[in-house]
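Undergrad: Chain residues, written in single-letter form:
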Amino acid sequence: MIKKILILLFILIPIKANALIEVDITRGNLNPLPLAVSPLSIDEESRKGFEKILKKENIGSEISNIVENNLRTSGLFNPLDKKAFLQAPDIANLKPRFEDWNLIKAQALITGKVNYIDDKLRVEFRLWDVLAAKEMMALAFTTVPNNWRRVGHIISDKVYERLTGEKGYFDTRIIYVSEEGPKTQRIKKLAIMDQDGANNKFLTLGNELVLTPRFNPASQMVTYLSYFKNMPRVYLLDIETGTQEVVGDFPGMTFAPRFSPDGKKIIMSFAKDGKSDIYTMDLENRIVEKITNHPSIDTSPSYSPDGKYITFNSDRSGYQQIYVMKNDGSDVKRISFGNGLYGTPVWSPRGDLIAFTKLHKGKFYIGVMRTDGSGERLLTENYYQEAPSWSPNGRVLIFYRETKTNSKGEGFSAKLWSIDLTGYNERQIKTPTDASDPSWSSLLSN
Amino acid sequence: MRLNKILKNTLLVLTACLVLSACATKKEVATDIQGQMQGDVYTGTDTVEYLADGVPDRVFFATNESILTTASRETLRAQAAWLRKNPNINVVLEGHADERGTREYNLALGERRANAAKDYLMTYGISSDRITVLSYGKERPVDSGSNPLAWSKNRRSVTVKAN
Numbered sequence: 001m002i003k004k005i006l007i008l009l010f011i012l013i014p015i016k017a018n019a020l021i022e023v024d025i026t027r028g029n030l031n032p033l034p035l036a037v038s039p040l041s042i043d044e045e046s047r048k049g050f051e052k053i054l055k056k057e058n059i060g061s062e063i064s065n066i067v068e069n070n071l072r073t074s075g076l077f078n079p080l081d082k083k084a085f086l087q088a089p090d091i092a093n094l095k096p097r098f099e100d101w102n103l104i105k106a107q108a109l110i111t112g113k114v115n116y117i118d119d120k121l122r123v124e125f126r127l128w129d130v131l132a133a134k135e136m137m138a139l140a141f142t143t144v145p146n147n148w149r150r151v152g153h154i155i156s157d158k159v160y161e162r163l164t165g166e167k168g169y170f171d172t173r174i175i176y177v178s179e180e181g182p183k184t185q186r187i188k189k190l191a192i193m194d195q196d197g198a199n200n201k202f203l204t205l206g207n208e209l210v211l212t213p214r215f216n217p218a219s220q221m222v223t224y225l226s227y228f229k230n231m232p233r234v235y236l237l238d239i240e241t242g243t244q245e246v247v248g249d250f251p252g253m254t255f256a257p258r259f260s261p262d263g264k265k266i267i268m269s270f271a272k273d274g275k276s277d278i279y280t281m282d283l284e285n286r287i288v289e290k291i292t293n294h295p296s297i298d299t300s301p302s303y304s305p306d307g308k309y310i311t312f313n314s315d316r317s318g319y320q321q322i323y324v325m326k327n328d329g330s331d332v333k334r335i336s337f338g339n340g341l342y343g344t345p346v347w348s349p350r351g352d353l354i355a356f357t358k359l360h361k362g363k364f365y366i367g368v369m370r371t372d373g374s375g376e377r378l379l380t381e382n383y384y385q386e387a388p389s390w391s392p393n394g395r396v397l398i399f400y401r402e403t404k405t406n407s408k409g410e411g412f413s414a415k416l417w418s419i420d421l422t423g424y425n426e427r428q429i430k431t432p433t434d435a436s437d438p439s440w441s442s443l444l445s446n
Numbered sequence: 001m002r003l004n005k006i007l008k009n010t011l012l013v014l015t016a017c018l019v020l021s022a023c024a025t026k027k028e029v030a031t032d033i034q035g036q037m038q039g040d041v042y043t044g045t046d047t048v049e050y051l052a053d054g055v056p057d058r059v060f061f062a063t064n065e066s067i068l069t070t071a072s073r074e075t076l077r078a079q080a081a082w083l084r085k086n087p088n089i090n091v092v093l094e095g096h097a098d099e100r101g102t103r104e105y106n107l108a109l110g111e112r113r114a115n116a117a118k119d120y121l122m123t124y125g126i127s128s129d130r131i132t133v134l135s136y137g138k139e140r141p142v143d144s145g146s147n148p149l150a151w152s153k154n155r156r157s158v159t160v161k162a163n
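Residue numbers (this note's numbering), protein chains in the order written: chain Y, 1 to 446; chain A, 1 to 163.
Don't take every hint at face value.
[Stated by the list, open to error] What follows is a set of in silico ranges between Cβ atoms, one per label pair, in the way DEER data are often shown:
#, chain 1, residue 1, chain 2, residue 2, range
1, Y, Glu166, A, Thr70, 53 to 61 Å
2, A, Thr47, Y, Val246, 28 to 36 Å
3, Y, Lys290, A, Arg77, 32 to 40 Å
4, A, Thr43, Y, Glu381, 52 to 60 Å
5, A, Asp46, Y, Asp24, 32 to 40 Å
Don't read these hints as lab results, they were simulated from the structure.
Just so you know, even glycine gets a beta-carbon here, dropped at the ideal spot from N, CA and C.
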């Protein structure tokens, strides 16, 4: 379904290691960096060529719009209004007149051009430091024209990485549960979209209840919970081929699945006789291992990025709290000790933090703590929100939020939201229907 | 000194007022859902259906709990008696939670609640072969309200005929 992207990437001019502009993303960025995204220039012949295949009048502007939108939503950059630009795109790409860009207060400038060559889309772009009047980066890609949106995302990732020193997260997708219908009889479908909400597709028809899809960090596989034939079981879905299979042969409900960081195992809960324990299944040899053995509810397991530890949710102390153990189930330690209940721990891809949902005095919070439980920080408070999922660079969390109904039971909604790790830049991610249980993919290209 | 005393008295009066007004609001809430909740367990009959005459189909739970109340045990004894009289009927026990908990934990909690009901039916002579447990977590509320009464109706285990 999703074509493997073939991207030829080469560096036009080697990147110099000079200290040019830098964006510090470890602090809440209240002053986003002003930058100008000059529309990619395009010659008339190429423009017509793309218009014919892609039905887009000017593919150069379209790609630039994607870049601009990505950089803006990151909260770290402030793309300036194109109407203020003094220099034409084609000339800017050859040699920007830095005084002109300086005048409109741009500190960085992105220029480029797009060509239609041998039925392929070829893009080159450059990133300029306006104050230093220097080129920071120049890259070119060639790909099939249908990949034009991804080209925009890849440019965004490269610019983000060059300016912040960390990998981007724009060339990624989000799998989630689409919701429709009354609250008492919700119809739920698996859906997938690009990180910016484009290319939304439904993966199931809504005949059975589906919950908690999660990406394999190493491939295009997804694991999720389905009530197919009224038997809640963990399934595996290949989103390229559409094939599905049930995971393991358990005589009861399996739920709360996630992949190990290498993508070779699924970790999940199995509920029986009022107890829920954590199990793993190796996807190659199908060997099932029991990891926890306790009369309590043990669920929502998540591996550390090195695979050596597992964080999970248990009520063995009497209430829902967060625990960390070794990957064989030994050395169980409780790490959440604040007021309230704690659930849905998810280990950051950077390894240093665990994101969680906290319930305290009738409010729900999304927060982060260090892996020993210290340094708890609550990022956002609301009537109901849960299920944080990390962007692949560990800088942004996506989660879902539900609204309170009125006295007639009306007004319910479920939406996806994202927030920066710093607690700034909270924003809703638009979806065609109500949405919940988001999971962020790894970068599709590196 | 006198000023101090006056101040103290005013404070006392003020505190008394505050306590009274707090009481008044609390009472209002209590009357609103009077007769429908005990502690935070639903005791009303709004949503209850009947498997047979005098055999209610569901039992209710306190927040985060899976302990059966006296009323729940009575309901389950009636269900057990009905099941003994109808040996060909099998049942599914559907466990549910309210919306004030994380999804995955609630799936486990629903399973635990349905199992509490199952264990009780078994002690009254119903074979485990006749009982299937199915948790819906918070996915299938009966009341879509966002208030304590609605939540109390949703924290339930429902016995459903399987055949």
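Undergrad: For every hint, state whether the structure bears it out.
TA: Now for the hints, and whether the structure bears them out:
no. : hint                             : result
1   : Y:Glu166 <-> A:Thr70: 53 to 61 Å : holds (59 Å)
2   : A:Thr47 <-> Y:Val246: 28 to 36 Å : holds (33 Å)
3   : Y:Lys290 <-> A:Arg77: 32 to 40 Å : holds (35 Å)
4   : A:Thr43 <-> Y:Glu381: 52 to 60 Å : violated (33 Å)
5   : A:Asp46 <-> Y:Asp24: 32 to 40 Å  : violated (57 Å)
In summary, the numbered hints that this structure violates are 4 and 5.
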